[in-house]
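Given these sequences and hints, build the entire structure.
Protein chains: 2
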Amino acid sequence: MAANREYTHLMLKEIHEQPQAMRETLAQESNRISDLAAEIRRRRVRFIIVAARGTSDNAATYARYLFGAVNGMVVAPAAPSLLTVYGSKMQIEDALVLGISQSGKATDVIEVLEVSRGLGAMTVALTNQDHSPICQAAEHVLLTHADEEKSVAATKTFTTALAALYLLSAYWAERQDLVDAIHQVPEAMEQAFDIEPWMASRTERYRYMEACTVLARGVNFATALEIGLKLAECCYVTPQPFSAADYMHGPIAALEPGWPVLLIAPGGPSIGSMLEVGEALKERKAEMIVFSDDDDALSLATVPMKLPYLGKSYWSPMVTAVAGQLFTYYLAIHKGLDPDRPRGLTKVTLTY
Amino acid sequence: MAANREYTHLMLKEIHEQPQAMRETLAQESNRISDLAAEIRRRRVRFIIVAARGTSDNAATYARYLFGAVNGMVVAPAAPSLLTVYGSKMQIEDALVLGISQSGKATDVIEVLEVSRGLGAMTVALTNQDHSPICQAAEHVLLTHADEEKSVAATKTFTTALAALYLLSAYWAERQDLVDAIHQVPEAMEQAFDIEPWMASRTERYRYMEACTVLARGVNFATALEIGLKLAECCYVTPQPFSAADYMHGPIAALEPGWPVLLIAPGGPSIGSMLEVGEALKERKAEMIVFSDDDDALSLATVPMKLPYLGKSYWSPMVTAVAGQLFTYYLAIHKGLDPDRPRGLTKVTLTY
Chain R
80 MAANREYTHL MLKEIHEQPQ AMRETLAQES NRISDLAAEI RRRRVRFIIV
130 AARGTSDNAA TYARYLFGAV NGMVVAPAAP SLLTVYGSKM QIEDALVLGI
180 SQSGKATDVI EVLEVSRGLG AMTVALTNQD HSPICQAAEH VLLTHADEEK
230 SVAATKTFTT ALAALYLLSA YWAERQDLVD AIHQVPEAME QAFDIEPWMA
280 SRTERYRYME ACTVLARGVN FATALEIGLK LAECCYVTPQ PFSAADYMHG
330 PIAALEPGWP VLLIAPGGPS IGSMLEVGEA LKERKAEMIV FSDDDDALSL
380 ATVPMKLPYL GKSYWSPMVT AVAGQLFTYY LAIHKGLDPD RPRGLTKVTL
430 TY
Chain V
80 MAANREYTHL MLKEIHEQPQ AMRETLAQES NRISDLAAEI RRRRVRFIIV
130 AARGTSDNAA TYARYLFGAV NGMVVAPAAP SLLTVYGSKM QIEDALVLGI
180 SQSGKATDVI EVLEVSRGLG AMTVALTNQD HSPICQAAEH VLLTHADEEK
230 SVAATKTFTT ALAALYLLSA YWAERQDLVD AIHQVPEAME QAFDIEPWMA
280 SRTERYRYME ACTVLARGVN FATALEIGLK LAECCYVTPQ PFSAADYMHG
330 PIAALEPGWP VLLIAPGGPS IGSMLEVGEA LKERKAEMIV FSDDDDALSL
380 ATVPMKLPYL GKSYWSPMVT AVAGQLFTYY LAIHKGLDPD RPRGLTKVTL
430 TY
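Just so you know, the sequences run in chain order R and V.
Under this note's numbering, the letters of the first sequence match residues 80 to 431, in that order.
Under this note's numbering, the letters of the second sequence match residues 80 to 431, in that order.
These are computed hints drawn from the structure, not numbers from a lab.
Note that the coordinates shown come from a computational prediction; the quantities given were computed from them, not determined experimentally.
Some hints here could point you the wrong way.
Any copy, or any two copies together, can satisfy a pair, since identical chains are not distinguished.
[Claimed, not checked] 27 angstroms max Cα-Cα, derived DSS-like pairs, lysine-lysine:
hint : residue 1 : residue 2
1    : Lys-168   : Lys-391
2    : Lys-229   : Lys-391
3    : Lys-92    : Lys-168
4    : Lys-168   : Lys-229
5    : Lys-184   : Lys-414
6    : Lys-364   : Lys-414
Spelled out as structure tokens, the structure:
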């Protein structure tokens with residue numbers, strides 16, 4: 080358990096705090112999110128816009144698949160430059176504009192919320208910092224309860240943000256089955272930690288890996304993007320994240336035998352697609368690192384990363400993300416890097 | 080002129096056919112696009128969804144910035160897996176769903192159009208192939224007139240698709256000034272060819288370049304993505320395309336001195352952002368290849384690629400794309416590769 084262990088790095092400590100952060104977020108936010116969902120139904124929202132940067136933007140990708148699949152809602156990325164560079168009069172009076180920033184200080188996300196609110200949109204801020212500037216900018220606030228995140232690499236603020244989005248989607252759709260299901264996540268995360276000794280030893284193989292492809296489809300595409308970002312930040316590995324379908328439409332041409340590809344492929348609606356990609360990659364002799372709870376997917380791997388059963392669920396990205404964080408952490412250690420101090424990065428980026 | 084020159088490769092020939100393809104598209108499609116714009120206004124479309132893969136998806140990114148800036152319309156990517164993998168009932172009866180496929184045969188784009196039409200959305204196909212399957216799937220058709228494209232790497236079908244989107248946006252907004260302005264493009268493309276001898280010689284420097292970052296902001300972000308895709312397809316260079324604002328929020332941490340960065344930075348609303356990124360890159364001693372008509376931007380370059388004046392326009396991506404195609408072509412030649420025969424790629428990709 081997190082409480083009884085000494086951690087050499089903040090990042091590893093915070094990775095292990097995730098089941099607890101998840102429990103806190105579910106316990107403290109469920110009622111508020113249920114109320115917000117009712118308000119969204121009253122406002123007859125027609126579509127969603129999400130503004131976010133970095134890790135929060137990967138949470139936005141999760142929102143895109145989740146609200147589409149569960150609520151039939153189209154989710155568009157905000158393109159802040161439309162408001163802040165081009166100064167467009169966007170027609171968004173029937174939109175829900177969601178701004179995500181763990182620190183609550185991302186300047187251009189705040190600006191998108193302020194301008195959108197002025198244009199008549201319903202605005203919601205999702206943040207880990209109550210009373211931060213983003214909470215003033217938006218009409219409504221969704222909080223994650225991950226406590227302070229000290230490591231520069233976001234971990235627990237990412238997975239709790241996914242949980243808040245999941246709850247909003249489930250309550251909005253009045254899907255009690257989905258609301259109930261998310262309570263399996265903290266335990267699934269704890270089971271995922273069982274992979275840690277294996278991960279710590281097998282990542283040594285990638286000591287000199289300079290770049291890799293990261294593939295997923297559907298809700299786990301968000302995880303693929305997030306693992307890619309973590310690898311860039313903590314390991315200085317050049318990531319190429321792709322939706323598996325997009326990857327087959329071109330980039331696979333550049334694949335050399337031995338090229339490392341991370342496949343995020345838990346069971347669920349997209350597993351068929353992922354297995355097809357996996358077969359194509361195997362034929363081309365790619366080095367395949369497969370994160371999955373599906374035996375067929377794992378059997379394609381050069382190095383399998385076996386996850387606990389994830390219920391073919393919409394919440395699986397919260398657990399695949401944990402596995403990806405562990406992979407990143409141990410790879411950074413093998414590379415002799417300090418995962419808590421990525422070169423040239425600070426915790427809050429104020430985008431001009 | 081294209082007509083009087085012998086070309087060693089189809090790709091180079093087709094790059095040079097672009098001014099003519101552009102003139103044909105503008106001449107033959109303007110009336111039809113004007114009528115379609117009137118129909119869109121009658122239908123009171125509330126937002127846009129674009130379905131596309133590969134190069135066509137980069138045209139979709141152009142649409143996202145263009146329809147936002149000019150029409151105040153939110154543009155969302157289609158996420159075909161929502162319809163084809165998750166089978167969601169999307170609420171899109173007041174949406175315009177635009178499917179883009181040069182061949183008219185992209186299976187999942189066609190499926191998105193068919194399903195969307197069934198859900199009551201207004202559907203438009205943008206293609207270079209009249210009477211292709213996509214034309215049956217959509218209610219309305221926008222044609223590019225680029226003739227047959229024989230090279231696997233899309234060039235003239237990309238820039239003419241941007242032109243069709245530009246015209247639709249301008250007519251929809253009833254902006255005659257924008258409609259008039261696009262007629263400068265064929266000549267600007269011809270002027271951009273003046274860079275060819277310089278490009279042919281300076282690209283030799285990148286003979287052993289294996290990866291690079293490609294940056295832009297606003298409408299030219301589409302060009303950055305497209306140049307990245309061309310480099311992957313024809314040169315087996317691993318591209319990292321980023322919106323300049325996103326790049327500053329994280330990935331810049333991985334920058335090593337000498338790392339190659341292509342900046343697509345023509346004059347216009349986003350030039351201020353691009354100059355700031357350029358200064359930050361210069362400080363970190365990046366190798367900067369700058370495509371621009373702006374002297375300040377060019378002065379930051381390790382290798383400047385000077386473009387003709389692009390009028391700080393929404394059409395500039397059509398010309399920056401030509402310069403990027405030439406860069407890709409000559410780099411492929413220096414690398415000893417055949418740009419007409421990218422390894423493992425075919426002209427039509429049928430995404431499962």
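Where does the structure disagree with the numbered hints, that is, which hint numbers, in rising order?
Hints 2, 3, 4 and 5 not satisfied by this model.
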